[in-house]
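Engineer: Quick note, the sequences are listed as chains A and B, same order.
According to full-length UniProt numbering, the first sequence is numbered sequentially starting from 1.
According to full-length UniProt numbering, the second sequence is numbered sequentially starting from 1.
Please note: incorrect hints may appear among the correct ones.
Copies of the same chain look alike in the list, so a pair counts if it fits in one copy or across any two.
The calculated lysine to any residue pairs, modelled on SDA-like cross-linking and capped at a C-alpha distance of 25 Å, are [stated by the list, open to error]:
#, residue 1, residue 2
1, K291, N82
2, K291, E167
3, K206, G239
4, K156, P22
5, K206, D4
6, K281, T44
7, K156, P170
8, K37, Q59
9, K291, P36
10, K206, L68
11, K242, P154
12, K126, D146
13, K37, D20
14, K291, A251
15, K126, A145
16, K242, W274
17, K242, W278
Read the hints as simulated data drawn from the structure, not as lab findings.
Just so it is clear, the structure is predicted and the values come from calculations on it, not from any experiment.
Number of protein chains: 2
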Amino acid sequence: MPVDPKKVLRLNLPQWQGGDHPDYRIGARVLAAIAPKALGPEETVAVAATASDQRHVEQGIVSRQPLLDNLAAARSAIARHNPEAIVTLGGDCLVSLAPIAYLSERYGDDLAVLWVDAHPDVMTAKEFRNAHAHVLGMLMGIGDADFVAAVSKPVKGAKVLYVGLTETTPYETDFIPAHGMTRLSPEDLAGSAEPVLAWLRASGAKKVAVHFDLDVLDPTLYDFLLSQDPTAGPDAFAGVAKGRMRFEDVAKILGVVDAVADIVGLTIAEYMPWNAIWLSKSLQTLPLLGKR
Amino acid sequence: MPVDPKKVLRLNLPQWQGGDHPDYRIGARVLAAIAPKALGPEETVAVAATASDQRHVEQGIVSRQPLLDNLAAARSAIARHNPEAIVTLGGDCLVSLAPIAYLSERYGDDLAVLWVDAHPDVMTAKEFRNAHAHVLGMLMGIGDADFVAAVSKPVKGAKVLYVGLTETTPYETDFIPAHGMTRLSPEDLAGSAEPVLAWLRASGAKKVAVHFDLDVLDPTLYDFLLSQDPTAGPDAFAGVAKGRMRFEDVAKILGVVDAVADIVGLTIAEYMPWNAIWLSKSLQTLPLLGKR
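Construct all of the structure, not just a fragment, from the sequences and the given hints.
Structural biologist: This is the structure in C-alpha cells:
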C-alpha cells in the first residue's frame with residue numbers, strides 16, 4: 001500500500017554538531033530550499049548556531065548535550081504528527097536517529113534499512129568522537145546509553161543492508177558480519193539493483209527506510225561532499241573512505257525498491273554545497289546584510 | 001543617520017520570467033536560504049512555476065503579464081511595511097523595479113543608484129524581448145508604459161552610476177551619456193572605491209540604492225553565473241558582455257560608500273548555483289520526494 005503523500009512528514013534538521021562542522025547547517029538550509037515542496041506536514045528543528053562553548057567533548061562525544069537536545073526536539077516534532085513516513089533533510093548523518101527509531105517502533109520487523117553510505121556508521125565514542133559515525137550502531141542499540149534510550153525497538157543487523165559501502169576499518173570490518181549485516185560495494189552492485197532486491201526478498205520486509213549519505217557518491221564527480229572542501233589541504237581526507245557511486249545509480253536502485261516495497265523513510269545527509277557556503281559567508285560582508 | 005535594521009524589508013522575489021529561465025527560481029530559493037537572517041519584516045512573493053503557456057511574447061516582452069503580476073505583488077508587499085530600506089533577493093534583474101521605484105519616491109533627488117552590473121539594463125522591447133534587460137530604463141521612465149506606470153518618481157540619469165560595466169552595444173553606448181549617466185569599468189576602478197566616492201560626492205545624494213547583478217563578477221572565478229551553465233554549448237554566450245570584477249572588490253566599494261552615505265537598497269540578482277539546481281532536479285527522481 002503506497003504511502004499517502006499527506007502522511008509523509010518533512011523533517012528539516014540542520015544539525016551540524018554530529019560532524020562537528022558548522023557548515024552542515026548552511027548545507028541543510030540549502031537542501032530544504034531546493035527539495036520538492038512537501039505535500040504533508042513540515043517541521044524544522046531549531047538547531048543552535050556555532051558557539052565555541054557548545055563544542056565540549058563529554059563522555060567521548062563532541063557536543064553531546066546539544067546533540068541530545070536536537071534529538072529530543074526531533075522526536076517531539078515527529079510525535080506531533082504520527083506520520084506514516086518521514087523525509088529527513090540533514091545536516092550530518094546523525095539526523096537519521098530520531099526518524100528511523102520512530103519507523104522501527106512503528107513497523108517493527110517489517111522494516112528493512114538501506115544504509116546508502118561510504119561509511120558504516122557503527123562506531124562508538126571509543127573509536128571516534130563525532131557522533132555522526134555512531135548513528136546506525138545507536139539504531140541497533142549499541143553506543144552511548146542516552147542516545148540509545150531514544151530507540152525503543154532496536155533494528156536487527158539482519159534487517160540492515162549497506163549499499164555502496166567501500167573500505168572499512170578493522171573494527172567495522174569485524175562488526176558487520178558479527179551483527180548479521182550485509183554489505184554491497186559499488187562493484188558488487190555493478191550498476192544493478194538486483195543484489196538489493198534479492199536481499200530485500202530474503203529479509204521478508206515490506207517497509208524500507210533509506211539513509212542516503214551523499215558521501216556514497218564519487219567525489220571526483222560531485223563537488224558538494226565534505227571531502228571536496230576547497231579550503232582543505234590536499235591530505236585533509238587521506239585515509240577516509242570515499243564513495244564510488246553515481247547519483248543516478250542510487251536513484252535507480254531506490255526506484256526499483258519502491259516498486260516492490262513501501263519506502264517509509266528517506267534521509268538525505270551530509271550535503272556540503274561549498275560555493276553556496278562561500279556565498280553565504282560573503283553576503284555577510286555587504287551593507288544591509290552584514291552585522292553592524 | 002544609519003538605517004534601523006528593524007525598518008529594513010527583506011523582499012524575496014524568485015522571479016524567473018524576466019530572464020525567461022525557470023532556474024532563476026531555484027537560485028532565488030537558495031539565495032533566500034543562505035542570506036543572513038532578516039532582522040526586520042520579510043516578504044516572499046509567490047511567483048508561478050514554469051508553464052509553457054505563461055511564456056507568451058506580448059508587446060515585445062516575454063511573459064509580460066506574469067511579470068506585471070509579480071510587479072503588483074512586490075509593490076503590495078512593500079506598501080504593507082513602509083520600510084526605510086529594502087534588501088531584495090532575486091531572481092532576475094527585473095526584481096529591482098518595485099523596490100527602487102519605491103525608494104525613489106521616498107527619497108527623491110536625495111537618492112543615488114549604483115548599478116553594479118556587466119550590463120546597462122536600459123534596453124526596451126524594441127532591442128530585446130527579456131525584460132530583465134529593461135529594468136534601469138524603466139526606473140528612469142523609459143520603456144513599456146505598464147511597467148513604467150509603477151515608477152512615480154523616475155530616477156534621473158545624473159543620479160545613476162554604473163560600477164563594473166564592461167562592453168556595451170551601440171544603442172547602450174549612446175544611451176548612457178545621452179541621459180547623463182556615468183560609467184566606471186573594472187579598469188576605471190582598478191580595485192579602488194575612490195572614483196565611486198568622487199561621483200557620489202558630486203551627486204550630492206545622501207541615500208544610495210545598490211543593484212548588484214552577480215554577472216558583474218568574473219565568470220572564470222565564480223561558477224554561479226548564467227554564462228557558466230554546464231549544460232550550455234561552448235558558444236551559447238558568445239557576444240554577451242562578461243563581468244570582470246571580484247566579489248571582494250564589490251564588497252569593499254559598498255563598504256566605503258556605506259561609511260559616507262546611507263545604503264537604503266540592496267538587490268542581489270541573477271544567482272545561478274548550477275550544482276544546487278542540478279540536485280534540486282535530481283531529488284525529484286527519488287522516492288518520497290519525486291512526483292508519483
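Engineer: A separate judgement is required for each hint: does it hold in the structure or not?
Structural biologist: Okay, the hints, checked on the actual structure:
1. K291 - N82: between (40 Å within a copy, 23 Å between copies)
2. K291 - E167: Neither: 44 Å inside a copy, 35 Å across copies.
3. K206 - G239: Cα proximity of K206 and G239: none, with 37 Å in one copy and 57 Å across.
4. K156 - P22: Classified as neither: same-chain Cα gap 32 Å, cross-chain 46 Å, threshold 25 Å.
5. K206 - D4: within (16 Å within a copy, 57 Å between copies)
6. K281 - T44: Both: 22 Å inside a copy, 22 Å across copies.
7. K156 - P170: Answer is within; shortest intra-copy Cα gap is 21 Å, inter-copy 72 Å.
8. K37 - Q59: neither (39 Å within a copy, 34 Å between copies)
9. K291 - P36: between (32 Å within a copy, 9 Å between copies)
10. K206 - L68: neither (31 Å within a copy, 51 Å between copies)
11. K242 - P154: neither (28 Å within a copy, 57 Å between copies)
12. K126 - D146: within (15 Å within a copy, 69 Å between copies)
13. K37 - D20: Only across copies: K37 and D20 sit 22 Å apart there, 29 Å inside one copy, limit 25 Å.
14. K291 - A251: Between. Shortest inter-copy distance 13 Å satisfies the 25 Å Cα cut-off; intra-copy 41 Å does not.
15. K126 - A145: within (13 Å within a copy, 71 Å between copies)
16. K242 - W274: both (18 Å within a copy, 23 Å between copies)
17. K242 - W278: Answer is both: 23 Å inside a copy and 21 Å across each meet the 25 Å cutoff.
When each numbered hint is compared with the structure, violations occur for hints 2, 3, 4, 8, 10, 11.
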